[in-house]
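K.L.:
Chain residues, written in single-letter form:
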Amino acid sequence: MDSRLRWKTRAFVGIVILSNAFGNLFLTWGLRHGAGALSASPLSFIRAIFNPWVTLGICLLITWLLSKMFLLSWADLSYVLPVTAFGYVLNAALGRLVLDEQITPARWGGTLLIVAGTVLVGAGNPSHKQKDDGGSS
Amino acid sequence: MKAWLLLAVIVAATVTADLLQSHEMKTHGEIDDFRPSGLRRVLTAMARKKFLILAVICMAVSFFAFMALVQIADLSFAVPASAATVVIETILARLVLKERVDARRWIGAALVAWGVWLLAL
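Each protein sequence line maps, in turn, to chains A and B.
Mapped onto our numbering, the consecutive letters of the first sequence carry residue numbers 1 to 137.
Mapped onto our numbering, the consecutive letters of the second sequence carry residue numbers 1001 to 1121.
Bear in mind the hints are in silico, worked out from the structure with no lab data behind them.
Glycine included, C-beta positions come from ideal geometry on N, C-alpha and C.
Accuracy of the hints is not assured; some may be wrong.
Quick list of in silico lysine to aspartate or glutamate cross-link-like pairs, DMTMM-like style, CA-CA up to 25 Å [said to hold, decoys possible]:
1) B/Lys1049 with B/Asp1033
2) B/Lys1050 with B/Asp1033
3) B/Lys1002 with A/Asp100
4) A/Lys8 with B/Asp1102
5) B/Lys1002 with A/Glu101
6) A/Lys8 with B/Asp1033
7) B/Lys1098 with A/Glu101
Quick list of simulated restraints, FRET-style, between CB atoms [claimed, not checked]:
8) A/Leu5 with B/Ser1037: 19 to 27 Å
9) B/Ile1107 with A/Val98: 42 to 50 Å
10) B/Leu1005 with A/Leu43: 17 to 25 Å
11) A/Thr104 with B/Leu1039: 38 to 46 Å
12) B/Val1096 with A/Pro105: 19 to 27 Å
13) B/Arg1040 with A/Arg47: 18 to 26 Å
14) A/Ser39 with B/Arg1104: 41 to 49 Å
15) B/Thr1044 with A/Cys59: 42 to 50 Å
16) B/Val1061 with A/Thr55: 34 to 42 Å
17) A/Gly109 with B/Thr1027: 37 to 45 Å
18) A/Leu97 with B/Ile1053: 15 to 23 Å
Which chain A residues face chain B? A few, computed with CB under 10 Å, are given here [stated by the list, open to error]:
19) Arg10
20) Leu25
21) Leu27
22) Ala85
23) Val89
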């Protein structure tokens, strides 16, 4: 993999992770502060979407969606998903720091395992141009 | 119980969406023009791909289930627990998308799965 593709991949992995973590955070914050309780009615979801924090969260999650789609156009799904799983750790940390959630030692242990798994997977080659079938893209 | 049901919906919809999305994006090829006109062209082409439209519907289902989940469960549970998709998707990426998944990635995905299990305790 050439250095241009490597840097492009790193930049998009960063955008995917951050937009997902902060998108989820703002979405959760909005849903718990002023968006009202969700019910089986679609109207409750539509009403919640217009809460400013929920809207901001959705905008970031759209950014996450698009940047992940772009990343998948040149990188393997089996590389993209575990690498961006670092976002799960960031979400847990934001839940503790911003939303004041109580996280047990078992959850923190799980967080460290996810980091280890992410680092291990991230050491691989993200290009999907080396598939078993020699697939082109 | 409701939280686990919502989580099951999220996992199933996300796995389906990711597989469809990955299949279509690889058919499209690498995106390397990020100018507004280039992005417009890419988005127009994406809007015509039926598997991608199906993927977006699955993502919408997953998203609304996630909205309901974070109202009744911790974010530090909801997000990591949904990482259960990683393991299933790694297996399906190998079996369905025929991607090469080496031992290092398998071990990494297994560690992520173990971590997710601990986070969910």
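K.L.:
Work down the list of hints and note, for each, if the structure agrees.
P.N.:
Against the structure, the hints come out as follows:
About 19 Å separates the Cα atoms of B/Lys1049 and B/Asp1033, which keeps this hinted pair within 25 Å; it holds. In summary, the hint linking B/Lys1050 to B/Asp1033 is supported, as the alpha carbons are separated by about 23 Å, within the 25 Å threshold. Among the hinted pairs, B/Lys1002 with A/Asp100 is consistent with the structure: their alpha-carbon atoms are about 23 Å apart, no more than 25 Å. As the CA atoms of A/Lys8 and B/Asp1102 are separated by approximately 23 Å, the hinted pair is consistent with the 25 Å bound.
With a CA separation close to 20 Å, the supplied pair B/Lys1002 and A/Glu101 stays within the 25 Å bound. Between A/Lys8 and B/Asp1033 the CA atoms are separated by roughly 12 Å; this keeps the pair inside 25 Å, and the hint holds. Note on B/Lys1098 and A/Glu101: the hinted pairing is violated, with a Cα-Cα distance of about 40 Å set against a maximum of 25 Å. At about 22 Å, the CB distance of A/Leu5 to B/Ser1037 agrees with the hint of 19 to 27 Å.
The hint said 42 to 50 Å for the Cβ distance between B/Ile1107 and A/Val98, and at roughly 32 Å that hint is violated. In this structure the supplied range 17 to 25 Å holds for B/Leu1005 paired with A/Leu43, their Cβ-Cβ distance being about 22 Å. Take A/Thr104 and B/Leu1039: their Cβ atoms lie about 43 Å apart, and the range 38 to 46 Å holds. For B/Val1096 and A/Pro105, the Cβ-Cβ distance of about 37 Å falls outside the hinted range of 19 to 27 Å, so the restraint is violated.
A hinted range of 18 to 26 Å for the beta carbons of B/Arg1040 and A/Arg47 is inconsistent with their spacing of about 32 Å. The hinted range of 41 to 49 Å is satisfied by A/Ser39 and B/Arg1104, whose Cβ atoms lie roughly 46 Å apart. Separation of B/Thr1044 from A/Cys59 is about 21 Å and departs from the stated range, judged on CB atoms against 42 to 50 Å. Judged by the Cβ atoms, the range 34 to 42 Å given for B/Val1061 and A/Thr55 is violated: they are separated by roughly 20 Å.
The hinted range of 37 to 45 Å is satisfied by A/Gly109 and B/Thr1027, whose Cβ atoms lie roughly 40 Å apart. Remark: the range hint 15 to 23 Å for A/Leu97 to B/Ile1053 is contradicted by a beta-carbon distance near 38 Å. Of the supplied interface hints, the one on A/Arg10 is violated, with its beta-carbon coming no nearer than about 15 Å to a beta-carbon of chain B, more than 10 Å. The restraint placing A/Leu25 at the interface with chain B holds, with a minimum CB-CB distance near 7 Å, inside the 10 Å limit.
Satisfaction of the interface hint for A/Leu27 is found here, the shortest Cβ-Cβ separation to chain B being roughly 7 Å, below the 10 Å cut-off. The interface hint given for A/Ala85 holds, since its Cβ lies 5 Å from the closest Cβ of chain B, which is under the 10 Å cut-off. Restraint check, A/Val89 versus chain B: the minimum CB separation of about 8 Å is within 10 Å; hint holds.
The structure fails hints 7, 9, 12, 13, 15, 16, 18 and 19 (numbered hints given earlier, in ascending order).
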